[in-house]
Amino acid sequence: MSRGPQRLAHGGRIDRDRPIRCDFEGRPLEGFAGDTLASAMLASGIAIVGRSFKYHRPRGLFAAGVEEPNALVTVGEGGRTTPNLPATTLELRAGLRARRQNGWPSVTIDLGAMNGWLAPLLSAGFYYKTFMGPRRGSWMTYEPFIRRAAGLGRAVHERDPDRYHARHAFTDVLVIGAGPAGLAAALAAAAAGAEVLLVEQDPALGGALLAAPVTGPLEHWRAQLEAAVRATPTIEVLTRTTAIGVYDGRTVALLERHDHAAPDPERGAARETVVTLRARAIVHATGAFERPLLFADNDRPGVMLASAARTYLNRYAVAPGRRALVATCTDAGWLTALDLAAAGTAVTIVEQRDEVAPPLADAARGAGIEMHTGATVARALGARAVAGALVEPLAGGRGRRIDCDLLCVSGGWSPALHLTSHTGRKPRYHPELDAFLPGDWAAGDFGAGALVGAYSPPAAYASGLAAGRAAAAFSGHARAGRTPPAPADVDEPTTFATALAPPRHGRGRTFVDLQNDVTLKDVALAHAEGYGAVEHLKRYTTLGMGTDQGKTSNVNAIAMLASLDRRGIGETGTTTFRPPYTPVSVGALAARNLGRHFRPIRRSPLERWHLANGATMIEAGPWLRPWFYAWAGADVGSAYLEEMRLVRGGVGICDVSSLGKIDVQGPDAAEFLNRVYVNGFAKLAVGRARYGVMLNDDASVLDDGTTARFSERRYFMTTTTAQAGEVMSWLEFLLQTAWPELRVHVVSVTDAWAGMSVAGPRAREALERALPGVDVSNEALPHMGVREVALDGIPLRVLRLSFSGELAYELYVPANHGIALWEHLLDRGAPLGIKPYGLEALASLRIEKGHVAGLELDHRNTLDDLGLGKLAAHDKSYVGRALRARPALQAEDRWSLVGLECLDAGARLRGGSILFAAGDAIAGHGRGYVTSVTFSTVLGRTIALGLYQGGLRHRGEEIVCAFPLKDETVRARIVSPVFVDPEGTRLHV
Amino acid sequence: MLRIPCPHCGERDYTEFRYGGDASKPRPAHDERDVRAWHDHVFVFANPRGPHREYWQHVQGCRQWLILERDTATNTVGAARLARDGAGA
Amino acid sequence: MFERTTSLAGCLDAGGRDGAEGGRRLRIGEVRGTSLVQVGTWTEVHAACAAALARVCGCDPPASPRVATDRDAHRLYRIAPDQWWIATHDEALPATLEREIGAAGGAVTVLSDARVRLAIDGVAAKALLSRLVPLDLRDAAFPVGAFAQTGVHHAPALLDRIGAARYDLYVLTTYAVSTWEWTLDQALPFGYDVVVTAAADRSRPMNSTTRDSR
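Sequence lines, in order, name chains A, B and C.
The numbering used here numbers the first residue of the first sequence as 1 and each following residue consecutively.
The numbering used here numbers the first residue of the second sequence as 1001 and each following residue consecutively.
The numbering used here numbers the first residue of the third sequence as 2001 and each following residue consecutively.
Bear in mind the hints are in silico, worked out from the structure with no lab data behind them.
Do not rely on the hints blindly, as some may be mistaken.
As the list claims (entries may be wrong) - In silico EDC-like cross-links for lysine to aspartate or glutamate, where the CA-CA straight-line distance does not exceed 16 angstroms:
id, chain 1, residue 1, chain 2, residue 2
1, A, Lys-426, A, Asp-440
2, A, Lys-876, B, Asp-1031
3, A, Lys-683, A, Asp-668
4, A, Lys-876, B, Glu-1032
Please build the complete structure, drawing on both the sequences and the hints.
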């Protein structure tokens, strides 16, 4: 008698008028529209679909859906290569290129099978037990080989050329699953007036109904339901869309797949879209997975779930074998047997129950099916393919061999409750169903169908209607509407044995988790070694950790564990389910946040000018800022020195638009600033600015900046670039939660103004040339004076502030006029030699002056640490004042700000270097570190700012700066942090 | 993801907000000098497993600070009110 | 003498592109010439400021935080319990507001250069926006006349539905180029034309006042 699967001439949901040819391991594979890769492989007689993970045993198709553990294939080429996709979920299409995995030289003839002989060394947790000697550290000799052998498919390093999209969506009622319960729920919710989104991972609607014969009453009913759904305008249907995770706030992540449409990324089409959906109510109608029975060598090719065999037969018109043995304890197994017999397969049933309902027995008898009750399979026979089974009576006695080329197993149903427990609701075991069902339901979550134990089509339909109505009511819609009537004549028998007979032990391996090659012996071993809690069992044996996440193995393992413990299954419990429900590509999660769009970029209004005039830009937080300009040098190392010299000796102009700027207005603005800054601001006069420091409540320094007063009620605050957002939120927090009685408004105007600093001994001349109508003499605009003028009707703010220590002015103009003013200043100042300078020079100039900046303001340092203690007022309260008085913050050995002069000429002193006293061993945390470094053009040597234990009390001492990562040490002397013009005479000219 | 009912703008994703910590302890008066009072306010928190009242700012919205009731064990979100309408306990 | 430019100068020259299925279902671009003012009040001056606003703009400032009111060139938004935005193509308005609101005791901040105003129109406008903002854009939740402050690609923005398939999107000037490039990438599947519009042409027709309703 011939053996093996065959394509039937009639039946199925395939379209025989649309043949499809794809590429399978370099050869054509043929099938039809409506096939999956798996059904086409099965029809073509490809019996071995892969090699198992550890032991490289040959494996065949086991299931027909996402729960498939064996048939993992690699699809695509080049950057599109994707490993580990279940062939059962891949729609057959013309451009498909696929190959099997984990066999060398091939899956059919695989040298890896030798691993089978090494099995004793590869049991659960082997990497903690075997491969540990002969010496300590020997593991690292074995590890590269084991690592290379691990895994199933191989990923590639080439860039993926496809697009992946992300979008947001909102709906009243989300229905997950379009089986009978889901279709019913969608119709009921829509009838009640709700907007419905129905998602289904399959290309077709119907769920378990798609496994019924196409000529039967169930299919007729299914088609009616589908027509009703599609005719309802308030039901949006998304097929090929998997709900991969449920999150707080009834937010659900949906993965839409578009591969079937052959998307072209060059035209903007995406392979996959992740939808972040927020639903007012959710109906879970996700169905249930069939469990296998366990017996020795239950992993042979040709052993498959009974429901899968029925799906291949009825949906894809492929009879999976010529001579079938159906081992079952459920009525579902009998449905498979009857359908196989009707298609001409010779069928034997081995039923664990002593009796089944007469209609089933009669039908089986009438179909010529050989029946054995009260019996079970003890072992599958055959090596590269199943050839028969050893069948034993449950009551005891001798077993007998029954020949077969297809062994269908049906051991019960496990509701697919993963999504219901993503937000932490633990499943509950129901002994009367021998299944875990969702535990208690969160408000707004509803369940229907096989998921809640309503297995038969009429029961599923009724529960779906109820859930849909309830979900709609929860979302605020309770209209009385009409739904299609319950089906007649479409019942299916659904009883099953609730006490599974334990698996027979004997020769051969009994696999629990096929994908990760975990056997019952591994479970017992783990338990014996103390890993008996279900979460430990999972990690120690890797059971349930494969791409199928144990969908067909978890409950069997829990039952085994419970029997070892002599506890109830419910007490043993399940592991925690986490998203994603099925694997999702990283590309889909990244969507378009790649490359240039990885994160947003903040740009100065002057950027166009910089790019056109030789600036090299650098990232500073979210900003792009000019780092240095080409006029000054070809690389940053030489350029910044030229720019520094320009500012110290002539006049330069720098773009400071990124500084945080806050408009502070109101009758109580002065009082507000006085509370927030450590120094006094209540008496700041109109037309003046003041440097200020603000603390956090814990007395660490939050930020420094300058605030100018332009009118009695109007102030202009600047902050550091990095802290602008922090300070803004902090001010708003104080005004709204602590001092709501203060009448102050704060508005961020960082974007409103372009800012530029004109700095150097010739800065005043530059301004006089550019702003002839404005009096910028020392008398009219002294140091820290501010003025607001109109230039051609455009507001211009001039603040005489200096970061560099030279005579300097900050000019602010509305952003859209920034380039015009900048060019004007350069044009009029050209005879003075004015040129632009960038961030590197800006930062270096302030180091020479000992001005603290971001590198020193790290939220750990106090005012005194930074040498700013004298700034704090004594006669008023300010934020942070109380906790500043903590003894630890006054300790003498705190690390505080010092200047460092490098003593080793030509040596490289790096920021972050650790500081040690001259006699210290270079080890541990040292006594401080270097915060900022630059070459000083004024002093002609490398200088730095840093924090040192005891600070300036060690002035004059020689210390060591160590950079262990590069094995460097540099000698330096502790000096005042104000290297240049300590009297500040240059500021007041 | 957490959905926060901003009293001004309506229900929004929590990603539009910035978390601001425990809102159940009244802030000491601005001129309070007692170190212990400020220490307890800044460093000591009940960290309850269960109902929690906390600050959130709608930074990508109306920029209002709100006080939100949230269950820290289940992430169930309750009512929110504007902090300015009556801060503290 | 001092030329006024826009952050998006140079970004709008490349023209449009057909979408994945051919054709162009979007018209997107910049609206230029909008003046923008933020007004802030306190309890004791709130009523006086609201009256001043009504006088200057010719329509009541909205009480609703979700729906804008408008009159002729001006459009008013209640962006916070004690703050309004006024967008207008009347360049004289900011100075008038500073005077009148100041006299009424409120705070005025000119934000004209702090925002870039983008236009998003076309049959695919809602679909594009579902890729830009995490908002419920269905008609019941976001009807014509509604507005919302939200974020686009990590930066704050204000979305204003001025027509059935017409939206304005105000984004921060310093993020404008980044947001525009992101928008173009998201718009690619739909196909788009790039347009630059004057604010005066963008306004709703004269004498059509939106009734304030929650």
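Comparing the hints with the structure gives:
Taking the CA atoms of A/Lys-426 and A/Asp-440, the gap is about 8 angstroms. The hint holds against a cut of 16 angstroms. Proposed proximity of A/Lys-876 and B/Asp-1031 is supported: the alpha carbons are some 8 angstroms apart, at most 16 angstroms. The hinted pair formed by A/Lys-683 and A/Asp-668 meets the criterion: a straight-line CA distance of about 13 angstroms does not exceed 16 angstroms. Proposed proximity of A/Lys-876 and B/Glu-1032 is supported: the alpha carbons are some 11 angstroms apart, at most 16 angstroms.
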